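Enquirer: Residue-level listing of the chains:
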Amino acid sequence: MGLTGLEIFKQLPKTNCKDCGQPTCLAFAMQLASGKAGLDQCPHVSDAAKEALDSASAPPVALVKIGKGEKELQLGNETVLFRHDKRFEHPTGIAIAVNDNDSEIAFKVGEINKLVFDRVGQIHNVNLVAVVNASGDAAKFAEAAKTVQENTPFPLVLISEDAAAMGAALEVAGANAPLICGANAANLDAMVELAKKYDAPLVIKGAGLDELAALVEKAGYKKVILDSGAREVNKVLADQTQIRRQALKKFRSFGYPTITFADNPDPIQVIVDAGVYIAKYAGIVVLNTADPADILPLITLRLNIYTDPQKPIAVESKLYEIANPGPDDPVFVTTNFSLTYFNVQGDVEAGRFPAYILPVDTDGISVLTGWAAGKFTPEKITEMLNTSGITDKVSHRKVIIPGGVAVLSGKLQELSGWEVLVGPRDSAGIPSFYKQRWGK
Amino acid sequence: MAVTIAKEKWTSKVGEMVLGADSSVKVGGESTLPFLHFEGEMPNKTVLALEVWDLDPTDWPEILRKPFADVLADPVAWAKKCVEYGADAVALRFMSAHPDFKDASPEDCAVTAKAVAEAVNVPLILIGCGVEEKDAEVLEKAGEALAGKNCLIGCATEKNYKTITATAMVNGHSVIASSPLDINLAKQLNILMTEMNLPTNRIAIDPLVGALGYGIEYAYSIMERARMGALTGDKMLAMPVICFVGQEAWKAKEAKSTSEEAPEWGAQERRAILWEVLTTTTFAQAGGSIFILRHPETVKQVKVHVNKMMESNAY
Ligand code: B12
Ligand code: SF4
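Protein sequence lines correspond, in order, to chains A and B.
1 is the number of the first residue of the first sequence in my numbering; add one for each residue after it.
1 is the number of the first residue of the second sequence in my numbering; add one for each residue after it.
Keep in mind the hints are simulated off the structure, nothing from the lab.
Since this is a predicted model, take the numbers as computed values, not measurements.
Incorrect hints may appear among the rest.
[What the hints assert, rightly or not] Stretch-level coverage of chain B by chain A, calculated; a stretch enters the list once three of its residues show a Cβ under 8 Å from a Cβ in chain A:
| hint | stretch |
| --- | --- |
| 1 | 2–14 |
| 2 | 113–121 |
| 3 | 207–215 |
| 4 | 243–255 |
| 5 | 273–285 |
| 6 | 304–310 |
[Unchecked claim] In the SDA-like style, the derived pairs of lysine to any residue whose C-alpha atoms are separated by at most 25 Å in a straight line are:
| hint | chain 1 | residue 1 | chain 2 | residue 2 |
| --- | --- | --- | --- | --- |
| 7 | A | K311 | A | F117 |
| 8 | B | K253 | A | P312 |
| 9 | B | K187 | A | I365 |
| 10 | B | K300 | A | Q269 |
| 11 | B | K253 | B | P57 |
| 12 | B | K159 | A | G429 |
[Stated by the list, open to error] One side of the interface only, derived from the structure: several residues of chain A facing chain B at Cβ under 7 Å:
| hint | residue |
| --- | --- |
| 13 | V80 |
| 14 | L81 |
| 15 | F82 |
| 16 | A207 |
| 17 | D210 |
| 18 | K235 |
| 19 | Q246 |
| 20 | K250 |
| 21 | G275 |
| 22 | D291 |
For glycine and all other residues, C-beta sits at the position ideal for the given N, C-alpha and C.
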């Protein structure tokens with residue numbers, strides 16, 4: 001969403017003094033437009049021009065940070081409506097709520113802390129703990145915020161529309177930039193004041209898009225998270241879509257990340273709703289469940305939707321052992337594209353037999369893509385057979401390759417000296433291939 | 001401050017497919033991105049089909065076998081049960097035709113197809129065993145046996161589309177066109193099939209989806225792009241998209257591992273059903289409109305969700 005060189009040029013002094021290192025102001029403007037220079041390299045640009053350029057070149061969705069230190073959550077900087085256009089930048093923050101009148105807050109927070117999953121070789125977890133002022137009591141709210149803060153490394157979301165209660169909670173938790181949730185038409189001034197005092201991000205909630213835009217403008221605060229007030233999934237989808245579209249059109253009041261609340265009373269539908277919010281632009285989704293059976297699917301969905309379409313996730317290229325294999329068990333060769341590898345791993349596991357898997361390093365691309373790109377070759381497979389340690393693990397010399405690259409078998413056999421078995425095209429055929437072909 | 005609602009002006013729409021002996025089920029016809037009622041029409045609900053095999057699926061996880069425990073060996077009874085569970089369609093899979101199983105003859109499959117068709121009053125989706133040459137033979141016979149029943153048959157690939165398309169045209173069925181996760185391959189196959197004079201509204205695109213955690217993002221983006229193609233006038237992408245979610249979701253470790261094997265993932269039943277449900281509802285957001293599912297609870301939950309999503313969100 002950058003400016004064109006000409007638009008930038010209009011704001012420059014047009015003296016061609018060369019202090020920026022460029023021959024002319026126009027040349028400098030072109031460099032700026034392509035991101036190769038920064039505005040601060042021109043010492044002569046006026047403050048007014050600077051502000052105009054800064055705001056025009058700012059990302060359509062502002063970057064907003066919640067919390068401090070290692071678990072700080074960054075949201076925003078989004079630039080597209082569809083992930084295939086570029087990518088989604090900052091994965092939806094998952095917040096799990098606890099009520100301030102709950103008698104087992106510390107225990108609950110402990111359960112939330114445990115929501116950590118290892119997937120495609122990466123660690124994934126929830127991001128925030130939300131403290132809800134369900135009691136309506138300021139002291140209780142502050143006390144709960146304190147307990148939560150002492151028991152979790154995650155930043156807090158403080159949920160209360162009562163400015164006095166919020167003030168009390170911020171006294172104990174304000175130093176860590178929690179998300180203040182939040183402001184509405186009735187308490188806007190007081191909440192903005194608290195946010196400014198603690199330099200913390202603030203949720204602004206409107207009853208609908210019109211009121212939301214008006215309140216954001218009135219607040220004049222920049223660390224904002226938007227809440228359109230919608231709670232039904234069909235309406236949230238519409239509002240989320242509108243807010244993102246408006247932000248991309250540079251409607252400034254909507255140029256912030258959003259927060260959504262999955263509060264459907266049905267225990268399955270609430271997860272489905274949260275899934276829609278993750279797919280459709282939510283900056284944060286607040287949930288009431290800490291059941292891993294609920295959170296694992298959502299975290300997986302988030303990982304998928306936020307994967308950079310241009311940069312696939314790869315697994316480490318090394319020897320993998322499935323179900324304690326021995327010297328007579330089969331060796332499958334594949335690529336280190338995580339999707340490919342996990343397909344093969346899943347299918348081997350589905351067959352319930354022990355095996356070795358060797359994912360060749362193809363820079364994380366699939367079997368056919370890797371073959372077409374010259375990254376999944378007989379040479380590389382041979383090298384993998386020689387260096388992965390598989391020669392010490394098995395007493396046979398038979399390797400199974402994907403059916404899609406059957407053409408590799410002759411050359412591979414010749415280079416490696418291993419007998420090459422051509423497996424099925426789809427790894428789903430591995431279990432029946434094993435039954436029919438292995439050990440016979 | 002009044003916000004001017006941002007609406008896209010789409011110029012075209014997804015074709016509408018009609019299924020069932022009495023043409024009672026319609027799918028497609030959207031003139032907007034999924035569920036954006038403020039911008040265009042979404043005249044038909046998603047179609048949720050349950051899978052029925054013509055042989056006992058012995059390797060299905062227990063959770064999946066339980067709801068069909070007494071009917072798994074009888075496709076007719078199984079199909080009836082699916083209708084009781086609320087399925088909009090029955091997807092009969094001729095697994096017995098697979099050389100690894102019974103290598104059943106096309107004629108045998110046709111007999112089963114006929115029996116199932118007579119037992120239920122919802123549309124049938126006839127699916128081969130996945131071996132392309134065999135599928136062409138099986139669908140030819142089964143398609144003939146169910147002439148006039150307006151079934152959806154497949155999967156047609158670049159290798160076997162000719163026989164399957166011809167069968168569909170002669171006997172009045174629609175065809176599932178499968179191509180692997182690639183918009184151009186999908187278009188190419190649709191072109192080949194329409195060149196045989198199969199009307200475009202008798203093709204459903206199968207992008208060979210992966211499950212949640214297993215490549216959902218590729219299919220998600222391909223479906224979004226296909227829908228935008230349809231809405232901007234690309235006739236070779238203006239078909240309903242069919243997703244074989246059940247087979248993929250129930251292959252995932254997260255669905256198959258028992259509560260004892262993976263206690264850190266929570267109770268298996270809840271997690272497994274959510275796996276199938278979320279894969280489905282996520283694809284529904286990207287433009288999927290026919291879903292082949294396996295667990296009746298998934299049908300129930302997705303239905304509740306879709307009914308909610310079909311409520312207006314116009315401003
Ligand atoms: C997405 C994609 C891309 C992505 C890459 C994504 C990635 N990380 O790989 C991008 C856009 C970058 C890309 C680029 C290219 N691609 Co490309 N791409 C695809 C696409 C659509 C899907 C690939 C995929 O993710 N498949 C899913 C994975 C899981 O499949 P898989 O790795 O093959 O694994 C399966 C099987 O092989 C088998 N299996 C895997 N391992 C094993 C092991 C054993 C032992 C067994 C038995 C089985 C088995 O089971 C798995 C599950 O079914 C395919 C079309 C298709 N659907 O195949 C084209 C495709 C692979 N690409 C192709 C080509 C030519 C290219 C390019 C060279 C040029 C181009 N056309 O864009 C470049 C090269 C990239 C480079 N220079 O690095 C061609 C290859 C043609 C051929 N047969 O040689 C294909 C087939 C498309 C086509 N028909 O033209 N591509
Ligand atoms: S330093 Fe500024 S004023 Fe001087 S040439 Fe560069 S852009 Fe122009």
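Enquirer: So, for every hint listed, does it hold in this structure?
Expert: Hints versus structure:
1. 2–14: holds (count 4)
2. 113–121: Our answer is that it is violated, as 0 residues pass the Cβ test (under 8 Å) against chain A, missing three.
3. 207–215: Held - the stretch 207–215 of chain B has 5 residues with a Cβ nearer than 8 Å to chain A, which meets the minimum of three.
4. 243–255: Our answer is that it holds, as 4 residues pass the Cβ test (under 8 Å) against chain A, meeting three.
5. 273–285: holds (count 8)
6. 304–310: Coverage by chain A holds here, the residue count being 5 at a Cβ distance below 8 Å.
7. A:K311 - A:F117: At roughly 22 Å apart (the allowed maximum being 25 Å), F117 (chain A) and K311 (chain A) satisfy the hint.
8. B:K253 - A:P312: This hinted pair holds, its Cα atoms lying about 21 Å apart.
9. B:K187 - A:I365: 24 Å, holds
10. B:K300 - A:Q269: Between K300 (chain B) and Q269 (chain A) the Cα gap is close to 11 Å, so the pair holds against 25 Å.
11. B:K253 - B:P57: At roughly 18 Å apart (the allowed maximum being 25 Å), P57 (chain B) and K253 (chain B) satisfy the hint.
12. B:K159 - A:G429: OK: K159 (chain B) and G429 (chain A) at ~19 Å, within 25 Å.
13. V80: 11 Å, violated
14. L81: Interface hint status for L81 (chain A): violated (10 Å vs cutoff 7 Å).
15. F82: Since chain B brings a Cβ to about 6 Å from F82 (chain A), closer than 7 Å, the hint holds.
16. A207: 13 Å, violated
17. D210: 5 Å, holds
18. K235: Holds - the Cβ of K235 (chain A) comes within 7 Å of chain B, reaching about 5 Å at its closest.
19. Q246: 6 Å, holds
20. K250: 12 Å, violated
21. G275: 5 Å, holds
22. D291: Where the cut-off is 7 Å and the nearest Cβ of chain B is about 5 Å from D291 (chain A), the hint holds.
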